[in-house]
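> Now for the letters of each chain:
There are 2 protein chains.
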Amino acid sequence: MSDPHDLSDSAFLRAVRGEPVSHTPVWFMRQAGRSLPEYLAVREGTNMLESCMNAELVTEITLQPVRRYGVDAAIFFSDIVLPLKAVGVDLDIKPGVGPVVAQPVRTLADVAAIPDLTPEHVPFITEAVRSLVGELAGMNGGTPLIGFAGAPFTVASYLVEGGPSKEHAKTKALMFGAPEVWDALMRKIAGISATFLEVQAAAGASAVQLFDSWAGALTPGDYERYVMPHSAAVLARVGALGAPRIHFGVGTTNLLSLMGTAGADVVGVDWRTPLGSAIQLVGDRAVQGNLDPTLVFAPTGVMTARAAEIIEAGRAAKGHVFNLGHGVIPSTDPDQLARLTEFVQSYSLG
Amino acid sequence: MSDPHDLSDSAFLRAVRGEPVSHTPVWFMRQAGRSLPEYLAVREGTNMLESCMNAELVTEITLQPVRRYGVDAAIFFSDIVLPLKAVGVDLDIKPGVGPVVAQPVRTLADVAAIPDLTPEHVPFITEAVRSLVGELAGMNGGTPLIGFAGAPFTVASYLVEGGPSKEHAKTKALMFGAPEVWDALMRKIAGISATFLEVQAAAGASAVQLFDSWAGALTPGDYERYVMPHSAAVLARVGALGAPRIHFGVGTTNLLSLMGTAGADVVGVDWRTPLGSAIQLVGDRAVQGNLDPTLVFAPTGVMTARAAEIIEAGRAAKGHVFNLGHGVIPSTDPDQLARLTEFVQSYSLG
Numbered sequence: 001m002s003d004p005h006d007l008s009d010s011a012f013l014r015a016v017r018g019e020p021v022s023h024t025p026v027w028f029m030r031q032a033g034r035s036l037p038e039y040l041a042v043r044e045g046t047n048m049l050e051s052c053m054n055a056e057l058v059t060e061i062t063l064q065p066v067r068r069y070g071v072d073a074a075i076f077f078s079d080i081v082l083p084l085k086a087v088g089v090d091l092d093i094k095p096g097v098g099p100v101v102a103q104p105v106r107t108l109a110d111v112a113a114i115p116d117l118t119p120e121h122v123p124f125i126t127e128a129v130r131s132l133v134g135e136l137a138g139m140n141g142g143t144p145l146i147g148f149a150g151a152p153f154t155v156a157s158y159l160v161e162g163g164p165s166k167e168h169a170k171t172k173a174l175m176f177g178a179p180e181v182w183d184a185l186m187r188k189i190a191g192i193s194a195t196f197l198e199v200q201a202a203a204g205a206s207a208v209q210l211f212d213s214w215a216g217a218l219t220p221g222d223y224e225r226y227v228m229p230h231s232a233a234v235l236a237r238v239g240a241l242g243a244p245r246i247h248f249g250v251g252t253t254n255l256l257s258l259m260g261t262a263g264a265d266v267v268g269v270d271w272r273t274p275l276g277s278a279i280q281l282v283g284d285r286a287v288q289g290n291l292d293p294t295l296v297f298a299p300t301g302v303m304t305a306r307a308a309e310i311i312e313a314g315r316a317a318k319g320h321v322f323n324l325g326h327g328v329i330p331s332t333d334p335d336q337l338a339r340l341t342e343f344v345q346s347y348s349l350g
Numbered sequence: 001m002s003d004p005h006d007l008s009d010s011a012f013l014r015a016v017r018g019e020p021v022s023h024t025p026v027w028f029m030r031q032a033g034r035s036l037p038e039y040l041a042v043r044e045g046t047n048m049l050e051s052c053m054n055a056e057l058v059t060e061i062t063l064q065p066v067r068r069y070g071v072d073a074a075i076f077f078s079d080i081v082l083p084l085k086a087v088g089v090d091l092d093i094k095p096g097v098g099p100v101v102a103q104p105v106r107t108l109a110d111v112a113a114i115p116d117l118t119p120e121h122v123p124f125i126t127e128a129v130r131s132l133v134g135e136l137a138g139m140n141g142g143t144p145l146i147g148f149a150g151a152p153f154t155v156a157s158y159l160v161e162g163g164p165s166k167e168h169a170k171t172k173a174l175m176f177g178a179p180e181v182w183d184a185l186m187r188k189i190a191g192i193s194a195t196f197l198e199v200q201a202a203a204g205a206s207a208v209q210l211f212d213s214w215a216g217a218l219t220p221g222d223y224e225r226y227v228m229p230h231s232a233a234v235l236a237r238v239g240a241l242g243a244p245r246i247h248f249g250v251g252t253t254n255l256l257s258l259m260g261t262a263g264a265d266v267v268g269v270d271w272r273t274p275l276g277s278a279i280q281l282v283g284d285r286a287v288q289g290n291l292d293p294t295l296v297f298a299p300t301g302v303m304t305a306r307a308a309e310i311i312e313a314g315r316a317a318k319g320h321v322f323n324l325g326h327g328v329i330p331s332t333d334p335d336q337l338a339r340l341t342e343f344v345q346s347y348s349l350g
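Those protein sequences? They're chains A and B, same order as listed.
Here the first sequence is numbered in UniProt numbering, starting from 1 and rising by one per residue.
Here the second sequence is numbered in UniProt numbering, starting from 1 and rising by one per residue.
You may find that some hints are simply not true.
Heads up, the list lumps identical chains together, so a pair's fine if it works in one copy or across two of them.
As the list claims (entries may be wrong) - 20 Å max Cα-Cα, derived EDC-like pairs, lysine to aspartate or glutamate:
| hint | residue 1 | residue 2 |
| --- | --- | --- |
| 1 | 170 | 335 |
| 2 | 166 | 180 |
| 3 | 94 | 50 |
| 4 | 166 | 333 |
| 5 | 170 | 3 |
Honestly, the hints are just simulated from the structure, not real lab data.
Take these sequences, add in the hints, and give me the full structure.
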């Protein structure tokens, strides 16, 4: 009798390893979230960070898109700043604004004041992952769970700016002007992100995704010097547990090859870079992506024609996981995402 | 006696044409604006669109950074939506928000309701350019004026979304789902932008810059099909007047070669693409750029070392105009921009 928790032959994990698949596996960044009425319903009265610390809610929210769409992977519902909250950083997620940090980090003392994350800070994560792994084993023939963490640069930007930022000017000023503070901060966050992913992998997540949402604001030279070593440290630690690693950022055309070298098994590609070009840049790695998330607002035939082009382009990759090129836009019609899922899963790779 | 208005031997215009220069010319996108205390002083009590329609204010604001920094070119002070306001579109620029359009455009009737721009709509533009050309002839040995307009895609995004947008979802939905409305809208805006630039060139502007701020949100395929023909139409019309054309957008690594082909003499490059890579992409054209605008927040030595790298990389181009890779950030210290200007202008090209 086979182990119901052994999902290594799932389309998602086969594609990640570069093995032949019967269909291109598909999931969507932010598939769990504001585009779903069932999400809005269960979130009512609970704020974002409370939701992320409630194992029952995390389980339900993570499962919602798997039930609705039958996607090939679940993504663990959390937030980039959740581990900071868990260690005691004074921050909140303000609706319509984003994460707001009460005391922005600027000095070595500020960095030293942030505790390291231990598994004891996040028992609700272990609980939620275990519960999810149990549930997912019985869904659609067994659905892998992808763990989630923010990458050091993106998390640092929130800590240094004190909130969301378009230009990351204070963050980069610290990076350019106080390299010793920068280095200490990035090491601190890398440790926190790595532990956060390790906890998820240890509890049964089949793979992890490291989100570096804002890395695309950097030149390749600055990324390589100030950021990549820290993301690589995170990826190395979680890689030691055997979990395949997806590495994603937005606007990263100039960084794709570095983001692969940092230690990713799969490089996530935003929609700006044609998938064929991205495949050449990442070398012998699988890719994930990359339909423009606004194409779900197009007529279904236009959307699926584009999806077909992306699936075809993906054949040149070592492996290909279909996804949008960025998160699901909240105003997205779930029925259109259902059609997209069905199209990708039934597209003949013969 | 030479004509004081003949600036064809200025470093800026020589670099634009790909001729040898004694120093790399430098100006800064948004050099006129909120980073300058003298700007905040003259703008007090006058809203943005009123300021853009007041020839005396436009002249003063445009000259301020030329006086302060001695940059090699002036950029005409205006706003991307000003020509729409001039033809009667009901819109306003809300402080802290951006342009807000009262009735977003969605149908052919909406497009048809927007009048074409004629020079009679913008007498204050002609007046301001003439006044500026007179003043600039006597500044720093003669300083060229660069005319300014928004490109069709970027202007369309404001009209369709009704305001600033991160994802341009409604704009792209129109583009993908109602190509006949899209085409009519883009033709309408292209006509308006072209006339707006023609008015400036006819009044004495030495060159023009077409800003396609949001083009980087498009895949190369969509840019080429839905946007580039309309930008090319604008560039062709103003090119017929003999004014050199700069074409700029943000996050355009994948579009640089197309943006050159659209009819630019100079392709503006944001900071994400290393200038050396950009030069290979744009072919036999001059380039403009591309220091990360946050580097002015770095220690002066770090900033100038990066500027030197960019000047050196620029030697491989047909011509190189130094600039930031995007607009001056409002919190920029003007003294630091003064140091940067001096550094670039005194950097030996020998």
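> For each hint, tell me whether it holds in the structure or not.
Okay, the hints, checked on the actual structure:
{"no.": "1", "hint": "170 <-> 335", "in the structure": "between (41 Å within a copy, 18 Å between copies)"}
{"no.": "2", "hint": "166 <-> 180", "in the structure": "neither (24 Å within a copy, 34 Å between copies)"}
{"no.": "3", "hint": "94 <-> 50", "in the structure": "within (12 Å within a copy, 35 Å between copies)"}
{"no.": "4", "hint": "166 <-> 333", "in the structure": "between (27 Å within a copy, 18 Å between copies)"}
{"no.": "5", "hint": "170 <-> 3", "in the structure": "neither (50 Å within a copy, 47 Å between copies)"}
In summary, the structure is inconsistent with hints 2 and 5 from the numbered list given earlier, while agreeing with the others.
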